[in-house]
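Protein chains in written order, with numbering that gives the first Met the number 0: chain B, 0 to 368; chain S, 0 to 368.
The hints are simulated quantities; they were obtained by calculation from the structure and are not laboratory data.
Some hints here could point you the wrong way.
Identical copies carry no separate label here, and so any pair may be met within one copy or between two of them.
Taking lysine-lysine and the PhoX-like style, the derived pairs with C-alpha atoms no more than 25 Å apart in a straight line are [said to hold, decoys possible]: (1) 40 - 171; (2) 296 - 162; (3) 296 - 209; (4) 2 - 209; (5) 140 - 34; (6) 290 - 34; (7) 254 - 140; (8) 261 - 296; (9) 180 - 137; (10) 235 - 126; (11) 41 - 254; (12) 34 - 18; (13) 41 - 126.
Protein chains: 2
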Amino acid sequence: MNKVGIAAYGITPFSKEDKKIENLLMDSVVDLFVKNPKIDKKNIEGVMVSTNNNSKYLGPIVAEMAGIQPKTTISIENLCNSGTNSIVSAYSYIASGLVDMVLVSGAERFDSPGQILDWDNSRGQFKHPIFWASLFTKSYKNHFSVSDEDLAIVSVKNHKQAKSNPNSLSNKTFSVEDVIKSKQITEDLRLLDCSRSCTGSASIVLASEKIMKDITSEPIWISGIGQKTTSAGFTKNNSFHSMESTKEASNTALKMANKEIKDIDVVELHDAFSVCEPMALESMGFSDNGKSMRMIKELHQTDNFKINPRGGLIGTGHPLGATGIAQTIEVVQQLQDRADSRQIDNVTTGLVHNMSAAATSSTVLVLEK
Amino acid sequence: MNKVGIAAYGITPFSKEDKKIENLLMDSVVDLFVKNPKIDKKNIEGVMVSTNNNSKYLGPIVAEMAGIQPKTTISIENLCNSGTNSIVSAYSYIASGLVDMVLVSGAERFDSPGQILDWDNSRGQFKHPIFWASLFTKSYKNHFSVSDEDLAIVSVKNHKQAKSNPNSLSNKTFSVEDVIKSKQITEDLRLLDCSRSCTGSASIVLASEKIMKDITSEPIWISGIGQKTTSAGFTKNNSFHSMESTKEASNTALKMANKEIKDIDVVELHDAFSVCEPMALESMGFSDNGKSMRMIKELHQTDNFKINPRGGLIGTGHPLGATGIAQTIEVVQQLQDRADSRQIDNVTTGLVHNMSAAATSSTVLVLEK
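All chains should be built: construct the whole structure from the sequences, respecting the hints.
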């Protein structure tokens with residue numbers, strides 16, 4: 000198989016801005032080209048757009064606005080993990096030999112139509128994600144004797160880390176007490192336990208090994224890919240305190256990369272709600288089931304940014320189609336030693352975890368220098 | 000590169016039915032599984048949905064409804080050539096080695112939101128496809144001294160061929176006079192020159208060479224793939240009487256398949272409007288520029304179904320997300336000698352041409368036994 004890596008990235012601050020989707024996509028595309036003058040647009044053979052926006056033909060629109068005439072143009076959607084699915088698609092096109100360079104651009108508006116999955120009648124009248132998150136939280140707390148105060152640490156840590164990320168939606172820090180006293184959304188969920196939908200844009204360029212050296216001297220290679228969809232309906236989950244799709248995706252990705260979980264130096268994981276962080280860590284094998292809050296607390300107390308250095312979805316905001324790409328960019332920056340005040344020491348292998356709709360589907364990527 | 004082929008297909012009649020998109024997708028998925036009892040759903044590792052419908056997370060929804068738990072699930076959109084783009088995506092995932100079998104399902108409702116490209120302000124107030132088709136028609140007629148009566152042959156031929164296709168929207172035949180006397184839509188376009196948006200569904204399974212023999216003894220291989228996007232805006236076209244993106248896509252696909260245009264025995268091409276048939280034939284090199292109406296007339300007079308045997312978009316109807324897949328299924332049936340009264344003699348190599356938005360993007364596939 001042809002080796003495929005990440006050659007370039009562009010990203011702009013997440014906000015609540017009211018902006019047309021095509022202009023939003025272009026924000027990070029322009030940032031990418033400004034940062035990477037060595038990229039000849041003539042060599043870009045694919046443009047893939049990741050979004051839940053209802054606008055059509057965004058691949059050709061971005062291509063025309065950016066001055067690219069590619070072979071392939073498509074829009075890709077799979078709710079909250081559209082971003083990593085687009086990266087995997089670009090990887091496939093390159094690894095198969097059809098093309099050598101693909102621009103992947105993801106963006107979302109704050110009012111994205113991807114926030115509620117109408118089809119899932121198993122949710123009854125409770126269709127908003129806060130309801131599955133609430134059930135996950137209750138199940139996790141009961142099963143592992145974890146308290147609201149314990150889980151609040153996730154939000155405290157990720158908001159703290161987001162303050163070091165110039166692109167994050169939030170730049171405030173909070174105490175455990177602040178989280179507990181924030182507006183109660185459901186019996187088990189407070190406002191500060193939730194990531195917020197927002198407006199944002201993130202783009203990357205993937206390239207084959209053959210042409211990589213013409214673009215960058217610091218390529219980051221995608222060495223592992225794992226994906227799993229267990230269902231679309233939330234109640235088909237085998238457990239409400241673990242993520243089955245994440246477990247399978249993670250195993251597949253690590254096996255492909257020939258790595259073990261202990262080899263991972265930095266993780267961007269999908270903390271749509273506080274409880275998702277320990278659940279994802281445990282499902283990926285970073286800790287025994289029910290034990291990862293210890294690890295999260297220790298990392299927080301020692302100001303170790305290993306988990307969600309950019310601030311997670313909770314601190315950075317969650318523009319659905321851009322999230323998986325923004326997570327990937329953070330791991331790329333960490334591997335390139337370019338993460339400024341968020342930089343972790345001695346990073347050689349990173350992992351991205353992106354999931355949709357109560358973890359009914361997950362994508363895991365392993366990235367290496 | 001791993002060899003990739005088409006292992007199975009399912010399709011249901013095109014109509015004006017008012018039906019939910021997920022149920023529509025399932026219509027052809029169920030048909031596929033009924034026809035192919037050898038397919039073990041456990042081995043399906045990808046579900047890709049082709050549609051312009053605004054519903055989200057249709058990949059996992061189809062997977063759950065069909066009883067599949069794949070690795071990858073995505074929805075793919077690129078307006079009218081979403082179908083062939085989904086096939087190329089499935090091809091890439093398999094050829095790259097990430098998966099071995101992918102279900103591609105395309106569907107559209109008659110009221111698809113993909114019919115008008117709002118973004119394209121170069122169209123002025125004339126955003127409906129009939130306006131670019133009208134300009135194409137005027138330009139083609141003027142440039143090559145072709146008459147309305149000449150072009151009407153395309154509609155007459157394709158309606159005749161559609162009558163042999165049990166899944167087509169139309170089962171009526173028309174004379175040249177009928178076409179000319181049908182409702183005038185623009186100065187250069189009559190109602191019977193236009194394909195009609197409709198409700199429809201078509202699915203195929205793609206598989207790697209490794210597992211193909213477990214599914215079918217009649218695989219059809221994808222030997223050539225060509226794609227090109229020149230722009231999103233209609234007026235960026237270099238010419239209004241040829242299709243630049245089609246020309247490039249066709250050259251790439253034939254080169255990959257190591258074939259010449261004279262080797263092609265059957266063609267499914269994108270006749271969204273009458274004028275598109277001669278334009279596509281000429282852009283792919285089946286005839287000199289401005290000369291293909293002779294070929295079309297001769298085929299019509301001799302009841303030779305070589306071009307658009309299933310009846311084209313004009314006769315069969317145009318459910319956007321399903322069209323490229325339905326075109327591919329027709330060529331598969333022709334290659335397998337299973338096209339009933341539409342069957343062409345001695346078919347060994349076929350071609351699919353699918354395009355979007357005034358031919359600003361095109362996909363061409365070469366298929367072989």
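Hints, verified against the model:
With identical chains, the CA atoms of residue 40 and residue 171 are never at most 25 Å apart, being 39 Å at best within one copy and 49 Å at best between copies. In this homomeric assembly, residue 296 and residue 162 come within 25 Å of each other (Cα to Cα) only inside a single copy, at 18 Å, whereas the closest approach across copies is 70 Å. In the homo-oligomer, the alpha carbons of residue 296 and residue 209 never lie at most 25 Å apart, since the shortest distance is 44 Å inside one protomer and 48 Å across protomers. Taking the shortest alpha-carbon separations for residue 2 and residue 209, both the intra-copy value of 9 Å and the inter-copy value of 22 Å come in at or below 25 Å.
Taking the closest pair of Cα atoms, residue 140 and residue 34 never come within 25 Å of each other, the shortest separation being 45 Å inside a single copy and 48 Å across copies. Proximity of residue 290 to residue 34 under the C-alpha cut-off of 25 Å is found in neither arrangement, the shortest distances being 42 Å within a copy and 49 Å between copies. When the C-alpha separation of residue 254 and residue 140 is checked against a cutoff of 25 Å, the pair qualifies neither within a copy, at 31 Å, nor between copies, at 60 Å. Taking the shortest Cα distances, residue 261 and residue 296 sit within 25 Å of each other inside one copy (18 Å), while across copies they are farther apart (69 Å).
In this assembly of identical chains, the alpha carbons of residue 180 and residue 137 lie at most 25 Å apart only when taken from the same copy (18 Å versus 69 Å across copies). Within a single copy, residue 235 and residue 126 get their C-alpha atoms as close as 15 Å, which meets the 25 Å cut-off; across copies the closest is 44 Å, which misses it. When the C-alpha separation of residue 41 and residue 254 is checked against a cutoff of 25 Å, the pair qualifies only between copies, where the shortest distance is 20 Å, while the shortest distance within a copy is 36 Å. Taking the shortest Cα distances, residue 34 and residue 18 sit within 25 Å of each other inside one copy (23 Å), while across copies they are farther apart (48 Å).
When the C-alpha separation of residue 41 and residue 126 is checked against a cutoff of 25 Å, the pair qualifies neither within a copy, at 45 Å, nor between copies, at 29 Å.
Hint violations for this structure: numbers 1, 3, 5, 6, 7, 13, all remaining hints satisfied.
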